[in-house]
Amino acid sequence: LISDILIFVLIVIIFRFTLIPFALRIFEKEKSKSTLFMGALIIVLLMSYLSELFGIGSLIGALIAGILVRQTLLSGEDRKPWRKNEISHSIHIISFGFLIPLFFVNVGLNTSFGTLSSNISLVIVLVLISIIGTLAGTVIGVLLSKGTLTEGLIVGWGVIPKGDTELVIATLALNNGLISVDIFTAIITVALASTFLAPIVFKILIKRHAKITRQ
Numbered sequence: 024l025i026s027d028i029l030i031f032v033l034i035v036i037i038f039r040f041t042l043i044p045f046a047l048r049i050f051e052k053e054k055s056k057s058t059l060f061m062g063a064l065i066i067v068l069l070m071s072y073l074s075e076l077f078g079i080g081s082l083i084g085a086l087i088a089g090i091l092v093r094q095t096l097l098s099g100e101d102r103k104p105w106r107k108n109e110i111s112h113s114i115h116i117i118s119f120g121f122l123i124p125l126f127f128v129n130v131g132l133n134t135s136f137g138t139l140s141s142n143i144s145l146v147i148v149l150v151l152i153s154i155i156g157t158l159a160g161t162v163i164g165v166l167l168s169k170g171t172l173t174e175g176l177i178v179g180w181g182v183i184p185k186g187d188t189e190l191v192i193a194t195l196a197l198n199n200g201l202i203s204v205d206i207f208t209a210i211i212t213v214a215l216a217s218t219f220l221a222p223i224v225f226k227i228l229i230k231r232h233a234k235i236t237r238q
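Just so you know, the sequence shown maps onto residues 24 to 238 in my numbering.
Keep in mind the hints are simulated off the structure, nothing from the lab. Check the hints yourself; a few may be wrong.
[Claimed, not checked] Each pair of labels, with its calculated beta carbon distance range:
no.: 1; residue 1: I163; residue 2: L68; range: 39 to 47 Å
no.: 2; residue 1: I30; residue 2: K169; range: 41 to 49 Å
no.: 3; residue 1: E189; residue 2: L166; range: 25 to 33 Å
no.: 4; residue 1: K234; residue 2: K169; range: 38 to 46 Å
no.: 5; residue 1: L125; residue 2: L167; range: 38 to 46 Å
Note that the Cβ used here is the ideal one computed from N, Cα and C, for glycine as well.
Can you build the whole structure from these sequences, using the hints too?
Here it is, written out as structure tokens:
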């Protein structure tokens, strides 16, 4: 496993300093948004395949590919803010306009809320662990930074609705037979519960903190 990781790291270095800059220069000459997007997509898919091949995981490969493309664009001679690059604009439109909604549709299709009655205790435990764990971490961090308990709670409730990564990991686990539909549904329910509950509590804490500050 260590040798596979070292080989993958070597491949990442080669991609970063040779292949990706060369490929992006060719794609940018076309002056076409579709060409730029296809170029970025090819790089991401290739990195995902290689990371899966070496046992690291396609999700990690896609993340690394995004980082490499970003760093390559920002280190070029004609570098400009990341969001002003045509390639980032194209990826953003396709991702949030098509791919991400399609992913959530797939998550919904794999969710079976009929199984919740037999897993309600698991859902409650997972919700409590998710909320208490996040709040404990943020409160400790804020207190160490000489903040107040209320500020720590505000930060904690602000970062609780972060279920996107959990959904991706849960979907990968379900597709690979690592978890059952019952467990998958429980995880989705936890993500939904925290996503809906957190903004409500967050707004209440913000209003109370604002009143205390004015006094």
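Right, here's what the structure says about each hint:
1. I163 / L68: 39 to 47 Å: holds, 40 Å
2. I30 / K169: 41 to 49 Å: At roughly 46 Å between Cβ atoms, K169 and I30 fall inside 41 to 49 Å, so the hint holds.
3. E189 / L166: 25 to 33 Å: Roughly 26 Å apart at Cβ, these two residues keep to the hinted range, so it holds.
4. K234 / K169: 38 to 46 Å: For K169 against K234, whose Cβ atoms are near 22 Å apart, the range 38 to 46 Å is violated.
5. L125 / L167: 38 to 46 Å: Holds: the Cβ-Cβ distance is about 42 Å, inside 38 to 46 Å.
This entry does not satisfy hint 4, going by the numbered hints stated previously; all others are met.
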